[in-house]
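Protein sequences, first through last, are from chains A and B. When we follow the working numbering, the leftmost residue of the first sequence carries the number 38, and every step to the right adds one. When we follow the working numbering, the leftmost residue of the second sequence carries the number 2, and every step to the right adds one.
Calculated from the structure, these hints are not laboratory results. All the given hints hold, so there is nothing to weed out.
In silico BS3-like links for lysine-lysine, alpha-carbon gap of 30 Å or less:
id, chain 1, residue 1, chain 2, residue 2
1, A, LYS60, B, LYS45
2, A, LYS56, A, LYS91
3, B, LYS45, A, LYS56
4, A, LYS50, A, LYS60
Facing chain B, from chain A, some residues (calculated, C-beta under 7 Å):
id, residue
5, PRO82
6, TRP84
7, TYR132
8, PRO145
9, TYR146
Ideal Cβ placement from N, Cα and C applies to all residues, glycine included.
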Amino acid sequence: QVHLLQSGPEVKKPGASVKVSCKTSGYNFGNYGVSWVRQAPGEGPVWMGWISGKNGTPRYAQNLEGRLTLTTDTSTTTVYMELRSLRSDDTAVYYCARDVGVDGSGSPYNQLDNWGQGTLVTVSS
Amino acid sequence: EIVMTQSPLSLPVTPGEPASISCRSSQSLLHSNGHNYMDWYLQKPGQSPQLLFYLGSLRASGVPDRFSGSGSGTDFTLKISRVEAEDVGVYYCMQSLQSPPTFGPGTRVDIK
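So here's chain A without its partners, still in its complex pose (with noise of 0.2 Å):
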């Protein structure tokens, strides 16, 4: 079956990057992408961006960009996560799911079908 399976928690100072994996199994990692979705203490999910497995195409919310790096390895069929210049409002629990990421016609189509089980990320000095 389907399973992401996501690394440890994090504590980071302010300034320091972070970087969290999401290895993937249980179904064909060319076939979809896999989106990054936060949420904070006591709030609604946000997301992040998406990388297609097929190709390591990444797509980023415009808010994220210049700090927020997608990555794929095909070989281990992992996805990590990288945010850098980490602030006190970082903190969050971080979650990686499976996304086809497009639509039949090939524009942008969010379905978060399986996710991890998601990983706490907290900067505090």
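Fit chain B to the known structure of chain A by using the hints.
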């Protein structure tokens, strides 16, 4: 960006009774291909969100048929015909017609 709103934000329910959640978008979510680019997710306590419905009304794998999704354009509804204790959690609608995909504020469903 498209703004999603939900009502109510809190919904106490009685097991066995029906429940309904409304979601509205600031712009029509009807794509030129005839599909509404709107999904419903449920986040049970302490868990990751899970997909309930996609394209407005298509039930995701494993979702019980007591759940139904309907609507088009800017108005959508999630209904539970008979609430069960396992249905508690926060329900979110999400649009993906325009990037970035945006979620509603959530409707917290709990047992009376």
